[in-house]
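Undergrad: Make a model of the complete structure from these sequences and hints.
Protein sequences, first through last, are from chains A and B.
Oh and the first sequence: position 219 is 219 in my numbering, straight run, nothing missing.
Oh and the second sequence: position 126 is 126 in my numbering, straight run, nothing missing.
Please keep in mind that the hints were generated in silico from the structure rather than gathered at the bench.
What you are looking at is a predicted structure, and each value in this text was computed from that prediction instead of being measured.
The reader is advised that the hints may include incorrect statements.
Which residues of chain A face chain B? A few of them, derived with a C-beta cut under 7 Å, are [stated by the list, open to error]: (1) L33; (2) E35; (3) D37; (4) I38; (5) A39; (6) N53; (7) Q122; (8) V123; (9) K125; (10) K126; (11) G129; (12) L136; (13) Q233; (14) P234.
Heads up, simulated DSS-like pairs for lysine-lysine below, C-alpha to C-alpha not over 30 Å straight-line [to be verified]: (15) A:K139 x B:K15; (16) B:K115 x A:K201; (17) A:K139 x A:K215; (18) A:K139 x A:K2; (19) B:K97 x A:K199; (20) B:K97 x A:K125; (21) A:K125 x B:K115; (22) A:K7 x A:K195; (23) A:K2 x B:K115; (24) A:K178 x A:K125; (25) A:K195 x B:K15.
Some but not every residue of chain B turned toward chain A, in silico, with C-beta under 7 Å [claimed, not checked]: (26) G51; (27) F79; (28) A82; (29) G109; (30) L113; (31) N134; (32) P135; (33) F136; (34) V160.
Glycine included, every Cβ here is placed at the ideal spot set by N, Cα and C.
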Amino acid sequence: MKPEALKELIYKMADDLLILGHRNSEWTGIGPLLEEDIAFSSMAQDKVGQAQNLYQILHSLGESEPDIVAFTRNAPQFHNCQLVELPIGEYDFSLVRHFLFDTADALRWEMLTISSYEPLAQVAKKFQGEIRYHVLHAKTWITQLGSATEESISRLQLALNYAFPFALGIFESSPYEKEIIAEGYFGGEELLKEKWMEKIKSVLNETQLILPDEKIITPVLGGRVGIHTEHLQPLLDEMTEVVALEPHAEW
Amino acid sequence: MVTRDTLLEILESVKDPEIPTVSLVDLGVIYNIEIEESGVVHIQMTPTFAGCPALRFMQFEVERVLTEHGIAHRVEVNFEQAWSSNLVTDRGRERLKSFGLAPPPRFIGEPDLEKLLNKVPCPFCDSVNTDLRNPFGPTLCRSMHYCNDCRQMFEQFKPV
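TA: Okay, structure coming up:
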């Protein structure tokens, strides 16, 4: 057992889900349609719930309680990819981010169902069922808007061009990548990225959107080792505002 | 020492806090009940959805009811058996319908969502002339539909 490698893997997944869940919850009350407001709120709740369960697994591996881990770390201690901390922007960006991230996440959980670390394999089987709905939602909107009008196509294209280099940061290699693969915890970011590229290409082929050429793009890395944009700390300050008022309150 | 039948009767009284006609046993949330040699009752529960906010409350309720009946117990929540809507019993499905929620359709293998979420029978008038309005709803477990025959909106317990 390589606890540091395992914890690293789970931390980055949990942090991705917590931060993206928080971002997506920012659509609550301001979604462009009532149904979309409900959709993003529901998906955000799923993601935060999944993050909590992953922090619970980390707790069983010796880390602090989920509430402490979620609410008392600062930006350099978070291992989420930079993609998820970016502000929600307009709905076009949020939909594109949702499509890029959730497609990868669904594939990640699929790969994790055969993890040698049993608790991870168990939650993977559970979360797969939930994320199936997220992927359905993303695919539906990208497919519809990606071939609808000049405006919808150009807005999604611009968002895709902007988001794609950040999305490549999802697959930033872990400092423990070799151990993670050798121990059978997870099949690795390289393999995940291959499956992801195939999947997003197949969806985008049904639209008028063009995937940027990976060969000439510089991926935005750093999130996995605590290097973040100027957006993460303000997000954390806001997310922890209530807890910070009275850190020892009983809820 | 309590008998299994009595135990099941007692647990039947613990309902989903938001769907008070359906018990946790019928939902498949309580998925394993064992009476150990010592007489201690071991209950295993599994979350319907990872983000379900009612889970902690449901666990407390199970513990409270067992304590009330003076039954020594050990209640655990884990993911050893991933919850699926297929685990809802026939009685649970009837009770969901009587509450006005379309029960989750059973499926084999991976659910084909595009098929399962469409033409859902209306729990009020049984018509299949219905439309999906939103695969997401007011809680994680529900999707939203509209019946073109009796002209009412209804929710479905999502197949997952």
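Undergrad: Please go over all the hints and tell whether each is borne out by the structure.
TA: Structure-based check of each hint:
1. Annotation: L33 (chain A) was flagged as interfacial toward chain B, and the flag is violated, the nearest CB pair being 10 Å apart, outside 7 Å.
2. For E35 (chain A), the interface hint holds, since its Cβ comes within 7 Å of a Cβ in chain B; the closest pair sits about 4 Å apart.
3. Hint on D37 (chain A) is violated. Least Cβ distance to chain B is approximately 10 Å, over the 7 Å limit.
4. Annotation: I38 (chain A) was flagged as interfacial toward chain B, and the flag holds, the nearest CB pair being 5 Å apart, inside 7 Å.
5. Residue-level restraint check for A39 (chain A) holds (minimum Cβ-Cβ distance to chain B is 4 Å; threshold 7 Å).
6. For N53 (chain A), the interface hint holds, since its Cβ comes within 7 Å of a Cβ in chain B; the closest pair sits about 5 Å apart.
7. Hint status for Q122 (chain A) relative to chain B: holds, with the closest Cβ pair at about 4 Å, below 7 Å.
8. Satisfaction of the interface hint for V123 (chain A) is found here, the shortest Cβ-Cβ separation to chain B being roughly 5 Å, below the 7 Å cut-off.
9. Residue-level restraint check for K125 (chain A) holds (minimum Cβ-Cβ distance to chain B is 4 Å; threshold 7 Å).
10. For K126 (chain A), the interface hint holds, since its Cβ comes within 7 Å of a Cβ in chain B; the closest pair sits about 4 Å apart.
11. For G129 (chain A), the interface hint holds, the least distance from its beta-carbon to any beta-carbon of chain B being 4 Å, beneath 7 Å.
12. Restraint check, L136 (chain A) versus chain B: the minimum CB separation of about 5 Å is within 7 Å; hint holds.
13. With 7 Å as the threshold, the beta carbon of Q233 (chain A) stays out of range of chain B, its nearest partner Cβ sitting at about 25 Å, so the hint is violated.
14. Violation of the interface hint for P234 (chain A) is found here, the shortest Cβ-Cβ separation to chain B being roughly 24 Å, above the 7 Å cut-off.
15. Between K139 (chain A) and K15 (chain B) the alpha-carbon distance is near 36 Å, which puts this suggested pair outside the 30 Å criterion.
16. Of the supplied pair hints, the one linking K115 (chain B) and K201 (chain A) holds, its CA atoms being roughly 24 Å apart against a limit of 30 Å.
17. About 25 Å separates the Cα atoms of K139 (chain A) and K215 (chain A), which keeps this hinted pair within 30 Å; it holds.
18. The straight-line distance between the Cα atoms of K139 (chain A) and K2 (chain A) is roughly 37 Å, outside the 30 Å bound, and the hint therefore fails.
19. With a C-alpha separation of about 38 Å, the suggested pair K97 (chain B) and K199 (chain A) falls outside the 30 Å cut-off, and the hint is violated.
20. With a C-alpha separation of about 28 Å, the suggested pairing of K97 (chain B) with K125 (chain A) holds against the 30 Å cut-off.
21. This hinted pair checks out: K125 (chain A) and K115 (chain B) have alpha carbons roughly 22 Å apart, not beyond 30 Å.
22. For the hint pairing K7 (chain A) with K195 (chain A), the CA-to-CA distance comes to about 24 Å; that is within 30 Å, so the pair holds.
23. Distance hint between K2 (chain A) and K115 (chain B) is unfulfilled; the C-alpha atoms sit about 43 Å from each other, more than 30 Å.
24. Among the hinted pairs, K178 (chain A) with K125 (chain A) is consistent with the structure: their alpha-carbon atoms are about 24 Å apart, no more than 30 Å.
25. Taking the CA atoms of K195 (chain A) and K15 (chain B), the gap is about 42 Å. The hint is violated against a cut of 30 Å.
26. Interface restraint check: G51 (chain B) against chain A, minimum CB-CB distance 2 Å, threshold 7 Å, status holds.
27. Restraint check, F79 (chain B) versus chain A: the minimum CB separation of about 4 Å is within 7 Å; hint holds.
28. At its closest, the beta carbon of A82 (chain B) sits 4 Å from a beta carbon of chain A; the interface hint therefore holds under the 7 Å criterion.
29. Proximity of G109 (chain B) to chain A is violated relative to the hint, the smallest CB-CB distance being about 12 Å (cut-off 7 Å).
30. The restraint placing L113 (chain B) at the interface with chain A holds, with a minimum CB-CB distance near 5 Å, inside the 7 Å limit.
31. About 4 Å separates the beta-carbon of N134 (chain B) from the nearest beta-carbon of chain A, less than 7 Å, and the hint is met.
32. The closest approach between the C-beta of P135 (chain B) and any C-beta of chain A is roughly 6 Å, which is under the 7 Å cut-off, so the hint is satisfied.
33. Residue-level restraint check for F136 (chain B) holds (minimum Cβ-Cβ distance to chain A is 4 Å; threshold 7 Å).
34. Proximity of V160 (chain B) to chain A holds as hinted, the smallest CB-CB distance being about 4 Å (cut-off 7 Å).
Hints 1, 3, 13, 14, 15, 18, 19, 23, 25, 29 from the earlier list are contradicted by this structure; the remaining hints agree with it.
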